[in-house]
Amino acid sequence: MEKKQSSFWKENWLVIVTGLVIGAAAVALSALGNPANMGFCIACFERDIAGALKFHQAGVVQYFRPEIVGIVLGAMCMAMVKKEWRAQGGSSPITRFLIGMLVMIGALVFLGCPLRMVIRIGGGDLNAVVGLVGFIVGIVIGTFPLKNGFTLNRAYKQNKAEGLIFPILLAVLFILSLVTTLFALSTEGPGSMRAPWIAALLIALVVGALCQRSRLCMAGGIRDIVLFKDFHLILGFAAVIVAVLIGNLILGKFKLGFADQPVAHSDAVFNFLGMVLVGWGSVLLGGCPLRQLVLAGEGNSDSAITVLGFLAGAAVSHNFGLASSAKGIGAGPVLWVLIAGFVFLALISVEGKIAQDA
Amino acid sequence: MTYVATFYTHAAAMLTHRTMTKNGIAARMMPVPRELSSSCGTCVRYEAPDPCYAMLDRDVEQVAEAAETGYVIRRTYQ
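Chains C and L are the protein sequences, given in the same order. Just so it is clear: in the first sequence, position 195 is 195 by the numbering used here, and no numbers are missing. Just so it is clear: in the second sequence, position 51 is 51 by the numbering used here, and no numbers are missing.
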């Protein structure tokens, strides 16, 4: 029994520590100025970056978030130190780009990526529990094509440049955001609420490095339970909730309920449907938005393409009124776009199988 | 001997698992051990007298032997 316990810690301590650090970091970043229950949110922060780059004109969500830059560069440095950095790609880039767009559109209907969903749960936001149910349903749907032989086909080794372009471009744009006034910057709304950039960057570097070591993934945990009854990654998922919950209780920010939650709405149907799209898409991509950033840092150009898809999805969401706000869902054709997204994922799920058989 | 084969795709792991099971080799699919890769794919862990290279799908990445002290890489594919 004692031996079993020690092997549990040996196998799982890193992913648990990573989850606890992310949870603590999220609470700290909110205390330092980021929006409430949004210390970390990959979807929201990429949306803010899309706004800063003027891909969309929603004035309240424009800021070149250092957290995204930090995660990518932290993962890149750690992968290079550990000799795991490898330029590779070529696995269905256009399909990944489009799935990336859909994942972002779904996330912005719900108002958060899977990581923020978990952080919202830790803050007592019950709308995020509805989102979690949708996320699980989406992941379960996504595992059927996997079991049927679905594949986006393999990646191949590529030139170093192919793996370096994205992290370096991100770093250069970030420096430009600091030293010039080229980019848009919110003066009100969530985009104006920000932790000091140096704190955000340093914390995210640590998070990115830890995620590279532990392979933490919000979608992978549930997927591995469904596919293999493997509970390793879900421990990281649970650790984030625990750390956020404790942090919020200490700071007196925990608020249980559906109504008046920060940067959230209570339209259960759309919270659910948005996260079904995110879960399904994430399984087909092989990882949640956080994981895509980490892989992009490791030199995976397929993930870099996916992140560009996220940016495009954010722009489409705000330009066509698909993104929700605290007031509720967007004024655009949200339901139609979600349906189109489901149809696309269904077609891809079936087509991927045929590609494998051929 | 216990071996672990990693793959470039989940589908390749599944096809290999299927082939091995058909040929009476005790194999199961699981997440790739962290020691073997920073990517988060699916591997096949199997018990066999030799590494059964012929049964591996063409998208195989690596075959390692699970020893007491850790994994010993037996073959790497590009």
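Derived from the structure by calculation, the hints contain no laboratory data. Some clues are possibly wrong.
[Said to hold, decoys possible] To be clear about the criterion: a stretch of chain C counts as covered by chain L if any three or more of its residues have a C-beta under 8 Å from a C-beta of chain L, and this derived list gives those stretches:
{"#": "1", "stretch": "122-129"}
{"#": "2", "stretch": "214-224"}
{"#": "3", "stretch": "227-234"}
[What the hints assert, rightly or not] Here are the computed lysine-lysine pairs in the DSSO-like style, where the Cα-Cα straight-line distance is at most 27 Å:
{"#": "4", "chain 1": "L", "residue 1": "Lys22", "chain 2": "C", "residue 2": "Lys147"}
{"#": "5", "chain 1": "C", "residue 1": "Lys10", "chain 2": "C", "residue 2": "Lys229"}
{"#": "6", "chain 1": "C", "residue 1": "Lys229", "chain 2": "C", "residue 2": "Lys147"}
{"#": "7", "chain 1": "L", "residue 1": "Lys22", "chain 2": "C", "residue 2": "Lys229"}
{"#": "8", "chain 1": "C", "residue 1": "Lys10", "chain 2": "C", "residue 2": "Lys83"}
{"#": "9", "chain 1": "C", "residue 1": "Lys54", "chain 2": "C", "residue 2": "Lys10"}
[To be verified] Computed beta-carbon distance windows for the label pairs:
{"#": "10", "chain 1": "L", "residue 1": "Ala48", "chain 2": "C", "residue 2": "Arg86", "range": "26 to 32 Å"}
{"#": "11", "chain 1": "C", "residue 1": "Ala268", "chain 2": "L", "residue 2": "Thr76", "range": "47 to 53 Å"}
{"#": "12", "chain 1": "L", "residue 1": "Thr21", "chain 2": "C", "residue 2": "Phe231", "range": "21 to 27 Å"}
Glycine residues also receive a C-beta, built at the ideal position from the N, C-alpha and C atoms.
Practice item. Indicate whether the distance between the beta carbons of L/Ala48 and C/Arg86 respects the range 26 to 32 Å. Key: holds (29 Å)
Is the hinted pair C/Lys10 and C/Lys229 satisfied, with a Cα-Cα distance of at most 27 Å?
holds (19 Å)
**Message:** With the threshold set at 27 Å, check whether the alpha-carbon distance from C/Lys54 to C/Lys10 stays at or below it.
**Reply:** The given pair, whose Cα atoms are some 46 Å apart, is violated under the 27 Å limit.
message = Hinted pair, alpha-carbon criterion (27 Å max): L/Lys22, C/Lys147. Please report holds or violated.
response = Holds: L/Lys22 and C/Lys147 sit about 17 Å apart, inside 27 Å.
Checklist entry - Per the hint of 47 to 53 Å, is the separation of the Cβ atoms of C/Ala268 and L/Thr76 within bounds? => result holds (50 Å)
**OP:** Check the following: the C-beta atoms of L/Thr21 and C/Phe231 are separated by a distance inside 21 to 27 Å.
**Re:** holds (24 Å)
Given the hinted pair C/Lys229 and C/Lys147, is their Cα-Cα distance within 27 Å? holds (14 Å)
| query | For the stretch 227-234 of chain C, do at least 3 residues have a Cβ located nearer than 8 Å to some Cβ of chain L? | reply | holds (count 5)
| Proximity test - 8 Å, beta-carbon atoms, the stretch 214-224 of chain C to chain L, at least three hits | holds (count 5)
Within a Cα-Cα threshold of 27 Å, do L/Lys22 and C/Lys229 meet the stated pairing? holds (22 Å)
- request: State whether the coverage of the stretch 122-129 of chain C by chain L holds or is violated, taking the criterion as 3 or more residues with Cβ-Cβ distances under 8 Å.
  value: It is violated: at least three residues are needed, and the stretch 122-129 of chain C offers just 0 whose Cβ sits closer than 8 Å to chain L.
Original post:
For the pair supplied as a hint, C/Lys10 and C/Lys83, is the alpha-carbon distance within the 27 Å limit?
Top reply: holds (22 Å)
Taken one by one, the earlier hints fail for this structure at numbers 1 and 9, listed in ascending order.
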